[in-house]
Amino acid sequence: MNNPEVVPDKSTDPTALKAQATRLLSSYCVSCHGPNQPEGGVQLSSLETMRATDRQKLFQQIRDVLHLSQMPPAEAKQPTDAERNILIKWSTTQIVGNAEVTGNAKALAEKLQRFEYGNVVDHEALFSGENAELPGYTTDRRWLISEYIFNEKINHLLDYKSNRTIHGMPQQVRGDSGVHWSPKTERGNKFRRTIANPYLLPATVGVRYIAHKRLNTGHLLTMVGNAKRVAGHMSAEQTMKENYPAMYQLMKPELETREKFRSRKTFLQTFAYMQHLLKQIYGPDNETLLPTLNPKDIPYPGPPQHTTNGIQARHKNLEFLDRFDKEDIQAILQGIATYKRTAYAVEEIKTKSRSDRKGNAVWSPYSKANLAEFDNILLQCERDWTREGVTDYRIQNRIVTMKLFYDTWDMSQLYNHIQKLGYSKPKYVPLSDKEMELITKSIKQHRRAGDTHQQIIDKCFTEWDTSFKTARISKPAADKDLIKQVVIELYQKIYQRQPTELEVIENSKHFNLHAAKLDLQKALGKLIESLLLSTEFAYRTEFGVGKPDEHGRRMMPSRAASYALAYALTDSSPDEQLINAASLDQLRSRQDYEREVRRMLARRDQWYIIDENVQATNLNASTTNLPIRKLRFVREFFGYPKAQEVFKDDSRFGAGRHEQAVSRLIDEADLLVEHILENDQHVFEELLTTDKFFIYHSGDNKAMAEAARQLKLVFKYFSKLDWENWTPDHIEPHREFLMTVWEFQKTRGGDNKALLTTLKRLMPALNLHFSDGQTNGMPYMKMAMGFWHGGNVLGRTGQQMRGEQVSSYWNLNWKTWDYPVHQPAPIANRKGLLTHPAWLIAHSQNLETDPIHRGKWIREKLLAGTIPDVPITVDAVIPPDQHKTLRQRMEHRTADAYCWRCHQSMDPLGFPFESYDDFGRFRTEENLEHPENLLTEARRDVTNESGASLPIYKTRPVDPSGVLRGTGDAALDGNVENAFDLIDRLSASDKVRQSIIRHAFRFFLGRNERISDSRTLMDAEKAYVDSNGSYDELIVSLLTSDSFIYRKSNSKE
Amino acid sequence: MSINRRQLLKTSVMGGASLSFMPSFSHLLAASETGSVDQPHRFIFIRKSNGNLTQQFGLPSFSSHELRKHEEKQAFEVDLAKHDLPEWLRTLDEHKDNMSILHGISMSVSGGGHYSYSGCMGAYKAGRDILSNIKRATVDFELAKLFPSPFEHVEMSLAVPHGRDHRTGIVSGYSAPAAKQRNYCYADPMTAYRELFKSVTNTEEVASDIALFDYLHEQEKRRLRGLSGAERLKISDQVASLQSIRARNSKVESLGDKVKKNLPEIDPIHEGGGEDATLPQKQAAFTDIIIGAMASGLTNVVTYTIDDLGTDITSLPENKQKTSIHQIGHGGQIANAFNMRNAIKFHHMKQVKKLVSQLKAIPERNGTMFDNTTIIYMPETGSGHHGPDTEAPMVIMTGKNSKLDLAGRYIRLPFHGTEGHKTLSNWYTTLLNAYGNPIDHYGDLDLTMQRNRLEQTGAITRFIA
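Going line by line, the protein sequences match chains P and W. Note that the numbering used here gives residue 835 to position 835 of the first sequence, counting from 1, and the numbers run on in steps of one. Note that the numbering used here gives residue 129 to position 129 of the second sequence, counting from 1, and the numbers run on in steps of one.
Heads up, some of the hints might be wrong.
In the DSSO-like style, the derived pairs of lysine-lysine whose C-alpha atoms are separated by at most 30 Å in a straight line are [claimed, not checked]:
| no. | chain 1 | residue 1 | chain 2 | residue 2 |
| --- | --- | --- | --- | --- |
| 1 | W | Lys354 | W | Lys320 |
| 2 | W | Lys221 | P | Lys480 |
| 3 | P | Lys316 | W | Lys320 |
Here chain W is said to cover these stretches of chain P; the calculated rule only asks that three of the stretch's residues, wherever they fall, bring their Cβ under 8 Å from a Cβ of chain W [as the list claims (entries may be wrong)]:
| no. | stretch |
| --- | --- |
| 4 | 387-400 |
| 5 | 506-519 |
For the record, the hints were derived by calculation from the structure and aren't laboratory data. Note that the coordinates shown come from a computational prediction; the quantities given were computed from them, not determined experimentally. The C-beta atom is built at its ideal place from N, Cα and C for all residues, glycine as well.
Isolated chain P (complex conformation):
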């Protein structure tokens, strides 16, 4: 159906309509949905007698299937358009109540706006040319920001600029929301992560970002928390100082006072300053005013304990200091430095040494003199801490820790550490005379006998805070002009525009309302919150202005156009050139649009994170410098990133951790897409048919070749030598050579013994790599090392390349594969993205393949076809049968005519991919994975040709034949032999190209195509074909089309 609008015609005579409808139902529907074994359990003959609620549901269902042309089925007798309309009208009137009729009609109209119903618009009508004269346009609209735009907006407001080292150069990247992008290093931004993204796109395969979505209460509630946090950042002292001069000016008097208070606090809390000052003020009387010390009775713990050996040697690893509370460690080390009088050394009493259970003397106590001095240090520290007002628990903890150090740590090392890092008492530097006078006065006023330093400080600050607050309350209202400047400053930052006069007045009033009750900073926070919670923050606006043309269409103002273009290709607000063009009003013609689109498409100086999740899972790079949305269309359209979300069992992968390996797989699918888009020739055909892929590759051929060469060199060098029987001394003559190789450079210790160990572990691995006539070996790290070592090959972001097990999905063993260093490289049994394991996994179930969804994807995405919603009566379960393949079981289940009506559009397209299992591994035999069919259990030491340890089951041959229907080309439609045959036919089909273009239209326009977009689509196709399949030209065509450029107001508005 071409027109998605369904408006009930109230003028129709209900009696006549019912009579007509009843006649039509009898003609077209009742033969299948009559009283005897009704299809799908839907019985139309009992409409009058069924329960009212069931009847309502049924009428809604009838109306939807009629409207979507899903019924009567294709093979049945079809009503004319007029007859169909009568049935639709009648079923609509039967949905009780006018309000509900309107509501349900609206619900259907809204349903048809969804991308999954995009194909409902007749394909022929779009590309035949019959509608090419219709003027294209998009209605004026507000478009809810996407999760990606939200991230960029937040990063802008939080001044969060994220960097990655890419190809050895630090680069600012976009698309970072603060996740731990490097899981081992915990890099990321803790504060950024507290912002919850309420604008998440649906987790579906296919184009996802649509313009008709609306804000709901969930968005608002989530944004309330976000707004508070963002406002907190923007109104923070340091941020204001750096970025918001007007706000800072407004806050200045208050901030100056705070600064003064801070310096007082720092002064009073500096180690030993208070002690010094009090002595200065009170002289000898000071001692009498101090709190009394009641030393704690805490024993020394004795030698370090060990679970099996009883006791063990003293700890030497000072890194363990990090385990303790930092404040306490600082105080302890400072205390020791202050009161240690003798040399920084200890003496062990060897005669009193103690042995572990094995009889080894592992521990001796320190000398009596050492102990006496340490006890004295402890006492002095305890006295100081008591006077300072350190909490009882902390004092106790510090003493326990000090005694633990003394008995269980190597104190000479600790002393050296203290000496080296200079923990001695800081030199006393008073504040200005005026400040010191004021502080002294306050101390004298508040100090009472027995007060700790902290108590005195607290009392002083209570006084100062109170007087500051009193002064603030009595101050005059803030300057009007300054508040205006604040509003302007915030509008520029948050909305990137100037406020109108009215907005200045309203926001000033709103700010003053809060300022009267809260402190200035909080009032500023409220003002910021109000701007962030406004619909202006959440919606992009695309409204036409000026005089409409003869079709009622208008262009967007240059500013709105700059956003439309920026958001078409990126997630960021307009770049500098777009801002300039907008400010000069130079986005007013098709040529203006084309100029900017071509410029943006050519940009390679901005890097983007493709997928934070891929990046975070396994140190993957997942970055690109293509305009991100250009790449994202291909990702979403194919849907291969979903591979990460399909829960798979490591034991069925058999080659290690699937979760990590699959993230590399997705990363390398992105790399392949990027490569094809960069070449920009026959892009769709290449995506569908390329026989070259990236497998364990960074995209840098030179670097990969060099890494592989190094390993080969080691193999050649040592393969003829008797390294197996060497002792460390044998290493010496070869040391110079070894030190040219990364794995040896990073060998811990670096002595001959360590190098030999590495060599002996490395050579068997290299033997597998090269002993079978291989030209190259896969250059993964042979020795597990921490992330900080980098690696012998690095990913694009300079981090370790992990996940060599990725080769297993491709039926390749990473240990023995004759690795092609130059990639993408031809890989056997693969053709295009539909045979890429990432796509196959994304379209699989947990334990099995998924021919239905693989077929559905092809039908909907490549053949512009529609599949009806799964009837609610269907309980979609494939019955188990351990003797049959999945295909056999499916055929048994869906062969039923009722099921087959829909499944014939999917299953025969999905079956050819049965040549790949649910991990994307090529196969000719299908494992009948059932305990009864198990022949051999998996064994870790036994791997198959893909490097995987897997159980062996009975198998049955895979039948990869299928049927292609719906290309509209008799030469292509028909039976297909296998996946390759199917893919070749698909890639040769005009309809497939057009179908991809339809989806690209949806991606870049944010809506489904209409008949009036026919010219836009045909032009886009022509641009693509005329340019030898350039995706860039297609994008230029779409973004300069009438559909993109023109806005038309909704006639009802």
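With chain P's structure known, arrange chain W on it following the hints.
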């Protein structure tokens, strides 16, 4: 999957996204809905790290026959009243009637390893706490939907992720209000106190929030002029959202007296994130806050991460060696790791005891608040530091109005991958079914069970009273 599609569609669990009530705001959503539930049931999930070693969950008074079954992981049950509890659990002796030691639930659906993040609450693998791995609203959020309250769901946490990220204030949490949504949590007691009880402790801020929403409402209403059709809806929905908040504002006060009455006292040592507070002090303060929040009707569901591998335990009096939870997990590096595990659990149980006894002291209808409370003390990753996740012993405390029938028993279910085994998904389905959500199966399916072609969907019916 043998879950009936129709059933799935009917339940809210897999359906629309829940609203995530954010801090500083939730208090505005006064208890307009609370009246709709006759008698709310309350849930306290206490998550702990490092796994629960199965041997520490056996009973010292087992007969040799029972001990053998326990060690061989065979299914059996005993009456707790006839047995002694392990030392670390004895503090709950007087509440044995309400206690269940539940053995044999597997957590393979959420996984072992150091952390399970939201996975152990949602019965899915959360990977590295990546948003896209959050598959669904976690069970605590689902239960909160059944017993609405102003805060819906409250999460608090003493976790210090990866041991280097000491946290205070409001930070990201481990529960999920919906798929791909991460919850927030209170990372120190004073923040929790200030946020939860704000309506009576900080009226100034509440008033400013109300003023802000009034202003926004007026602004958006004005935008509606001249709009119609779909574009009008885009604004009018926002106006309606703001309006609903305004409508609820007036009901906030109705809870005021109850909140005041149950306001806990928090030691000033917890100011500024509570740097000087010891771990037991922090635990005790959180317990007081949970009791206060529940008693005042602010929430019916609390998820509390009582520790994770990075939580500093140097202030536990038993921790003479100043060791860490992570090191204890690795066991061999220090002496008495086994005992330290018990010491940690002992401190946890002290808090459970406080929760139980104080809730028992608060009258409710003809009984006490505890009658309508369930406390689940569970490991986040199974039965060890890195797993295995095939077992996950738990302690469950249930009041007398509980819809679960397992109190007073030590229960061991069939082992993972065998006939009759129950997964975390089954356990959560049981909780949901028992309390009014009829979902056929909540959570992921266990792939080992699936591979072995064993039935694994649905609730553990024998537990449903």
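For each hint, the structure was consulted:
no., hint, result
1, W/Lys354 x W/Lys320, "holds, 25 Å"
2, W/Lys221 x P/Lys480, "holds, 27 Å"
3, P/Lys316 x W/Lys320, "holds, 18 Å"
4, 387-400, "holds (count 5)"
5, 506-519, "holds (count 6)"
Hint compliance for this structure: every hint is met.
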